[in-house]
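**Student:** From these two lone chains plus the hints, build me the complex, please.
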Amino acid sequence: GESVGLHLPTLSVQEGDNSIINCAYSNSASDYFIWYKQESGKGPQFIIDIRSNMDKRQGQRVTVLLNKTVKHLSLQIAATQPGDSAVYFCAENHAGGSNYKLTFGKGTLLTVNP
Amino acid sequence: DAGITQSPRHKVTETGTPVTLRCHQTENHRYMYWYRQDPGHGLRLIHYSYGVKDTDKGEVSDGYSVSRSKTEDFLLTLESATSSQTSVYFCAISESYTEAFFGQGTRLTVV
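Sequence order for the protein chains is A and B.
The first sequence begins at 364 in the numbering used here and counts up one residue at a time.
The second sequence begins at 3 in the numbering used here and counts up one residue at a time.
To be clear, the hints were calculated from the coordinates, so they are not data collected in a lab.
One should not assume that every hint holds.
[To be verified] For each label pair, taking beta carbons as the anchor points, the in silico distance ranges come out as:
hint	chain 1	residue 1	chain 2	residue 2	range
1	B	22	A	404	17 to 27 Å
2	A	441	B	85	35 to 45 Å
3	A	422	B	75	24 to 34 Å
4	A	379	B	42	25 to 35 Å
Note that the coordinates shown come from a computational prediction; the quantities given were computed from them, not determined experimentally.
Glycine residues also receive a C-beta, built at the ideal position from the N, C-alpha and C atoms.
With the rest of the complex left out, here is chain B (with noise of 0.2 Å):
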């Protein structure tokens, strides 16, 4: 398995707070993605990166930000919590541009 770290791998909130996933890599992989999956709606993208502090949005990008301050790290910050935000967080990385490696998700809950 590619070296991707996904954490934490299950989360409970409450709506109105801050909260940060993070995604880890072993594999220096130039790129990496955040995806949420929803029942009907498939893989989304939120935000992807192209290099260390290089980021953009995806399709679904309003109400989180993204953060790379090295090759390794990538974050993603929901500034504050809806309960819209209730998903299956994957991040995934690649070198190419159509093999990606993803993470083992996080499941998050906004109650």
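Chain A with its partners taken away, still in its complex shape (with noise of 0.2 Å):
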């Protein structure tokens, strides 16, 4: 069935350093995939998408990038800063008709040390 999942549970990185979280999905029909960020205690926030007819977006800092033929989604956060700790999603959805499902992955916690 449709699924996104993660490869790491937890990340942790020094302040400063360039983090890369893993996504790994298992539908091939997915129109796109989106990356969130929840802060503790709120509700997750829209960070980057990318549509699966492209293999790179960059954003202010981010990166993600789709290997259709692994079926992997990664975010790659830049100089990666204290305020990036937080739990990040990754998600997918299709496109057309009446089927909106946005579904989540589990999430990977990201710890920046300072």
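**Tutor:** Shown next as structure tokens:
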């Protein structure tokens, strides 16, 4: 069935280093892949998305890579800061029709050490 | 912040009682979602809506029902609350396939 999962549940990095958060997906029919950030006590917040016909997209300090061959998604955060400490979720969705199921993976906890 | 409000924010209820959680938006977004968040499970979709009176099941819909009679309100009802439904519930709204805006969450405890 459809699933969006993660390789690692936790990631600890030093401030200033680059972070890479990984995600595996199983549904080849997904049209969009998305990354969300959830800070403690808050709802998730959208970070960046990528359409299935792309393999890379850059935002401010973040880059999302999509490898459809191995069904792998990653989020790269440059120069990680303490404010980046949060749980990061990958998500996927389909386009068209009335099927707008936005489905999330289990999340990775990123801890940034000063 | 997107205009989305969940109520109540906290609730303790007894096993077997019905419970209704409300999600209210002022953004006129078409899509609305209910998720539950539990340790080790991430965010799991309960039900979603793609328009007034148009709803569909998510991955963990058993024991839950929803209604959307107006664009701005999406209600989640636990028909007969059980301890396994103790969780944090999030509502989300969206006008796109990717960017959803989440409420602050409702912490529900079933005793």
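**Student:** Taking the beta carbons of residue 22/B and residue 404/A, is their distance inside 17 to 27 Å?
**Tutor:** About 24 Å separates the Cβ atoms of residue 22/B and residue 404/A, which means 17 to 27 Å holds.
**Student:** Falls inside 24 to 34 Å, the C-beta gap from residue 422/A to residue 75/B?
**Tutor:** For residue 422/A and residue 75/B the Cβ distance comes to about 33 Å; the hint holds.
**Student:** Taking 25 to 35 Å as the stated bounds, is the beta-carbon spacing between residue 379/A and residue 42/B within them?
**Tutor:** 31 Å, holds
**Student:** That 35 to 45 Å hint for residue 441/A and residue 85/B (C-beta), does it hold up?
**Tutor:** 44 Å, holds
When held up to the earlier numbered hints, the structure conflicts with none and fits them all.
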